[in-house]
Amino acid sequence: MIGSASHPRKPGPSSELRAPVLEIDNLAVQVVGEPPVRHILEDISFNIRPGEMLCVVGESGSGKSVTSLAVMGLLPPGSLRTSTGRILVEGEDVLKASQARLRELRATRMAMIFQEPMTALNPVEKVGEQIDEVLRIHTKLSRAERRAKILEMLDAVHMPDVERIYDSYPHQLSGGQRQRVVISMALILEPKILIADEPTTALDVTTQKQILALIRELQKKHNTAVLFITHDFGVVAEIADRIVVMNKGRVVEVGSRDDILAYPREPYTRMLVSSVPSLVPKQRAALKSDIVLDLKELSKTYAGRGFFGRGRSIAAAQGVSLSVRKGEIVGIVGESGSGKSTVARCVVRLQDPTSGNILVHGDDIAKATGSQLRPMRRRVQIVFQDPYRSLNPRRRVGDSVIEGLINFGQRRDEALNRARELLGLVGLSADAMERYPHQFSGGQRQRICIARALALDPDILVADEAVSALDVSVQAQVLKLLDEIRERIGIAVLFITHDLRVAAQICDTIVVMQHGRVVEAGSAAEVLTAPRQDYTRALIEAAPGRDWDFQNFRPL
Amino acid sequence: MLPYIARRLLATVPVMVMVAVVVFAILRLTPGDPAAIIAGDDATAEQLDKIRQTMGLDKPIYLQLVQWLARLMQGDLGVSLLSGTPVLSMIGDRMGPSLALALGTIVVTVIIAIPLGIIAAWRQGKLLDRAIMTLSVLGFSVPTFVVGYLLIYSLSIKLGWFPVQGYKPLSEGFWPFAQRLVLPVLALSGVYVALIARITRSSIIEVMGEDFIRTARSKGATERVVLMRHALRNAAVPIVTIIGIGIASLISGVVVTESVFNLPGLGRLVVEAVLARDYPVIQGLILLFSFIYILINLLVDLLYPVFDPRIRY
Amino acid sequence: MQAIVNPLPGESSGQASGELPSTVSAPQTASVLKQLVGTLKSGPVLVAFVILCVVILAALSAPLLGTNDPVAIDPGSRLRGISPEHWLGTDAYGRDTYSRVVYGARVSLIVGAGATIMCILLGLLIGVVAGYFRAADAIIMRVMDGIMAIPSILLAIALVSLTGGSILTVLVAITVPEVPRVVRLVRSVILSVRSEPYVEAAISLGTPAPTLLVRHMVPNTIAPLIVQGTYVFAAAILIEATLSFLGAGLPPEIPSWGNMMSEGRMYFQLLPGLILYPGIVLAATLLSVNVLGDVVRDVLDPKMAKKS
Amino acid sequence: MLSKVKRAACYKAFGISAAFSFASLVTIPAHAQTITAVMQSGLRVMDPVVSTAFITRDHGYMIYDTLLGMNEKFEIKPQMAEKWEVAEDQKTYTFTLRDGLKWHDGAPVTSEDCVASLKRWAQQDSTGQVLMTMVSDIAVVDGKSFKVVLKEPTSLLLESLAKLSSRPAFMMPKRIAETPASESIKEFIGSGPFKFVASEFKPGLKVVYDKNKDYVPRSEPASWTAGGKVVNVDRVQWAAMPDQMTPVNALMNGEIDFIQQVPFDLLPMLENNNDVNVEVLDKLGNWTYYRFNHLHPPFNNKLLRQAAMHAVGQDDVLKALVGNPKYAKTCAAVFGCDTPYADTYGKDVVIPSNIDKAKQLLKEANYDGTPIVVLQPTDLAMVAPQPIVIASALRKAGFKVDLKTMDWQSVVTQQGNQKSPSEGGWNIFSTYSTLATSGNPFGNTTVAANGTKAWAGWPEVPEIEKLRLEFARATDETKRKEITAQIQKLAIDEGVVGPLGQFSVPAAYSKKLTGVLASPITVFWNIKKSDK
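Chains A, B, C and D supply the protein sequences, listed in that same order.
Mapping to numbering that gives the first Met the number 0: the first sequence position 286 is 285, numbers consecutive.
Mapping to numbering that gives the first Met the number 0: the second sequence position 281 is 280, numbers consecutive.
Mapping to numbering that gives the first Met the number 0: the third sequence position 157 is 156, numbers consecutive.
Mapping to numbering that gives the first Met the number 0: the fourth sequence position 126 is 125, numbers consecutive.
So that you can see chain A by itself, here it is in the shape it has in the complex (with noise of 0.2 angstroms):
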């Protein structure tokens, strides 16, 4: 439970009175280089007050980061810059401060968070010394008045044993360690703003949901206007108290939370909030169809390299049995590290599982190789995350969907029809059969390589985290589309997902896995509404916004 998030709640009067501590004042940015100007940002305008928290959501491309980067006055200086307006700290403007002043004004004024807590770390300096070197460029302190200053923000951070976490090195810390560690460099010198950009998009749920109840206490007790970029509605949800909306470079809409999450003006904005998945399992009749993919006490352990035969080893899964029905989706949810994508990857055997054995229809794949898997290959298919890496970039799209067919054994002209027909079923046309992925939007690369999957007339579909890097609206879609290909062609899907709201939506069964092993499985209803584990239940808790209903704009 994070703050009054379960109530909605109107800003304070306080904060209301008060003069805005930044004021963003008809800001555009545009691209360095020759004409024609082309603007990431245009007519941004906003302001906040202290103690007050900015939500600022948008899809990929909306412009969030670039407006909080323009703030801190880090534009990568080769390729962009402002053009026009203002960005007033204390009614300071800041894009008319030189170096000196701006670099003066970071970490005292502003600071910021960012994103992927371990790339935003010194990884070969300790911790402590990283932080350290705020107060080194910022004040006069002494060295042990520094380091108990230090002791003490780790503290307020949250952190046990903070000599050790002071001497620690950033891959020594865990995810969330990280990340407090990065607040308290944010914050020990108590600036007025606070910019996080997308501070917990890298983290679990369950660290996600402390960090932000960190940030929450901090801005509290030191009255810090906090801009909070995100693209996730449910910590918006949790946390905002005013919301700003942005499109492609431009502000859509500017309101308090609860003027956004349930009376949305534009339709922009609507769209973007209707398509939160909720968390409310559909009812689903139990499936009673034939098991196509029976997973028997698999285990997938990596062996250290020792000397002397002195080794350590790593099980990454361990007596993961699972079934599937034609016909049926069985999600696989966990946090990272739980092994859902190594039983993925056992599965479409891109990794040979230790021991136990995958019967699909009956058949074992676990140990079969070489010419035996090849044609077991096409019976089981995956879908990876990452639509950018999914498909060769210097191959047509249609090659890349005809592949599996070629290797086959299929006549060309053949595969290239059944592509055809393919791409139509994943919803896109056929003269996309002649372009380059690049030319594709993520949301389309995910459906060419559903495509690309299906081409195989595959048994099993794996999706190993298939829509998580998609935008909402399109996650929407894909998830969509997904459920439309097992109504179709019955086909069963194998889900991996550490997002419980999608599994909500489209899972018949879940799995939920923990260091490897199975902690619980059972139909969606059960497992997210009664959950008979501690851990499930302490997943379901950690999902942001869980108390709101996005799709009908209330709160539940």
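Hints in this document: simulated from the structure, not taken from any laboratory.
Remember, predicted model here, so these are calculated numbers, not experimental data.
Be aware that a few hints might be false.
As the list claims (entries may be wrong) - EDC-like, lysine to aspartate or glutamate: derived pairs with alpha carbons at most 20 angstroms apart:
1. K58(B) - E182(D)
2. K157(B) - E270(D)
3. K210(D) - D233(D)
4. K185(D) - D75(B)
5. K125(B) - D297(C)
6. K418(D) - E45(B)
Please arrange chains B, C and D on chain A, whose structure you already have, making use of the hints.
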């Protein structure tokens, strides 16, 4: 760490054996007859036969190989066919100049190249960057011997600052030692300065695109701090790798430099031995070189954790 | 993009993650060519391009450029300075320096390009095998280590005395020690591409290994190989000079820049032109190749281009 | 000395420094006079009986002594020998050693040592081998004298004992001289004017000789290898420098004292230098020549050998090799011009380049276009240009030429290959020799014409073999000149050897040195060095 070193060293044994056998084979396939070289160019066939017999060169090649390996196991590298001097002592004699030249070159290279690379990365795309990069390509485009002659002509003959040739061991005092090393080291450094300045520049530029650089800037760090404290150390691993490769490939440059400046080092020894088909000397040297090569690779790998705490053995 | 029927509303071809607009999309043959032509607008690139074109043209049309037979000796008029008959003077055998510089372009370019092509082909073949077939990897990489441990000079001298000095010998002597580096490069690319989803997708589509390699993996090595290629090119021409210096290079009859510089070194103080003229052309050529290599790399390698 | 040991110990204490001190030299007292000389190559093979290399021979003259010497008038003079007596029948020679001769280890030189040395030398040396066929006995007479008994009278005995090059008959202690002739000696003790400093020897790099303080020079003035070998410096150090530029620069910079052979093209640099003398010390000089392979086509055809000899002109060779006409001259004589057996026969054939004549002979001989394999060494300046000029001339005449380049040592090895050129053999190679060596039919291996047993090229001209034996037996100088003239004619007509001209290589030395002797052998006695 120790098991790692042990394993690495153990893994070098097959490589060294392979190198030794291949070199043995190459040598015996190469036309050239040490006997003819010993006897001079108007010896008769009968005289040559006798000499070959005395030196055991008439035996089948595999037998010679086995004998050589057997003696190697006892730490005996044999004696020079020509002078009869033990190979080990020849190598020992010649070690000093080469080592001094190599170490000097590494130090000078690092001192010159890394700052140049940093400056070029800092001024990326600007005039200074282009000037440095153009110079570095020029450094890569002039053969070492030409650089050597230029240095001798200008700094020794015309200005008289340095002797034109020779080597004095450190035991004869630092100045005579250093004075004779300056020009060879400068001549040899040219190529490596060019190489390492380039890699430093590109590594730093690559690191400058990382997220944590943005973090550092958002802390209010100056560009100097960003560059020196954050970028350089993260760029260290590729730089160290290239320096390692550079050292390992130093031997060809050393041969030329030692010739131009008349340094009595290993580079010259290897060429002399090859030209004279002094098999035991060549074999011993190759063994030494491959060992040094392997050792440098190991050292470079062991250095990685110093620069990057994520790497551990 | 415009021509694509977009059946679904709300889909735009934005980027998957991160909102910074990237100027680079996946490399496309046509667009690469266009971008390359575009780079010629920059002064240094244009100069480099022109220099390289001039050198290549000179090499191709050497007999038409007022040259004499570059091999014809005339000991009677040796070591002459610049004169109307000998535009750049003559060398120790009385051969025409200008003609040798022009014809030397042929040999030097053949040595540079030949070594580069051989290195890349061999490196590609071995690197792909090492990167893809894990069983072969350990053995191949140990062999490569072994080759790198043998000083190239030794190899060169051995080869020259084994087969006599010829362009082929010198090419082999230069190529063999350089191959392991290319192998390492190719191997690392192959290893990293192996885990690309589109490669894994192809595996699960039952694509046989050779097709997989040629179609999906090898094209990724092209950009880094071009950069490596410019290094090999420069190194080859320089090593050739070094080999000549040590007497293990091309036959002195054959005019190459390296050969000329090495032969001319004796006259360094007496007739500096013998080193200077081939040296200037050599440096200009290497500089050009380098500049152009960087340009091609920037265009082909989106990662580096984005950083710069 | 003590201080040096201490210092070495100090350096041992520091890791890296210890490595540098591997190559530490014995520091010699500052006032001691040392001549640093750069020789034409590095000394590696040290046995002057096993090797005929010039550097080994020069090394021999430093530490060993000979029984007889030869002066600049080609006269044979006693050196270690006090005197020799010839019996009535001209068949028994008794040699008596002079007083005061000592080996470097202090032992006196005895006639036993000399007999053993002679026997080992004669086994290996070509002249020695011919001589031995005429010797019936070599025997010790007493501690100071020994005798050589001949089967028939010959002047070859004295000539070979006074032989300048290579191999001179050097005297060694008996225990060393008993080493089999094909095996290299391992101990380097002579009775010569210099002592070899074994501890400082770096094969191929550096040889150090100390003055032999116990050496008793003869009282006559030094001339070539005869006369008093008076050493005026404490130490002579030989260095070898791989790059020809280096010694020239070093001499100009005052870092060395002496260059044995200055590359011709670098002479202008030294000739203008006020601190350096440039001088031809070996007045006899060298001759360069090329050999045909008589075993295989096309040069098993005399006409084609003739054609080639007409085609190749000495002027072009000498210009390419030497350049400066001051140091070169054309010469058709196979025993050298300015030597006792000089001859001009064949000068129209070998000196000018007569392409037309060559073409005509080529036609006559129906040359079938078989490619001519010419071996070309790339790494030795003194032999690199000849093949290029030869190839150029042959091509002009219509030969098809395959110039095969390799390092010099490969050429040396290839020479002995009797296989056909298509199987890895050769048709032509070229080299040079000193006239000190080649001045007579025995020293000159190129005129040996006993087929496959002859030196590389393997010409078979029985008449020449007959003449050579006659030469050995002839004691009368006019008779000998007649014989050598006949050999000259046959050698040219049959294409046994193709003379390419004669040249002298100047030495250069610092003006600090005085008393540098002109001699076909580079010698270091008689030289004084001023401190300034």
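Evaluation of the provided hints:
1. Restraint check for K58(B) and E182(D): satisfied, since their Cα atoms lie roughly 17 angstroms apart, inside the 20 angstroms limit.
2. For the suggested pair K157(B) and E270(D), the alpha carbons sit about 17 angstroms apart, so the restraint of at most 20 angstroms is met.
3. Distance hint between K210(D) and D233(D) is fulfilled; the C-alpha atoms sit about 5 angstroms from each other, no more than 20 angstroms.
4. Our distance criterion of 20 angstroms between C-alpha atoms is met by K185(D) and D75(B), whose separation comes to about 19 angstroms.
5. Using a Cα cut-off of 20 angstroms, the hinted pair K125(B) and D297(C) holds, with the two alpha carbons roughly 17 angstroms apart.
6. With a CA separation close to 17 angstroms, the supplied pair K418(D) and E45(B) stays within the 20 angstroms bound.
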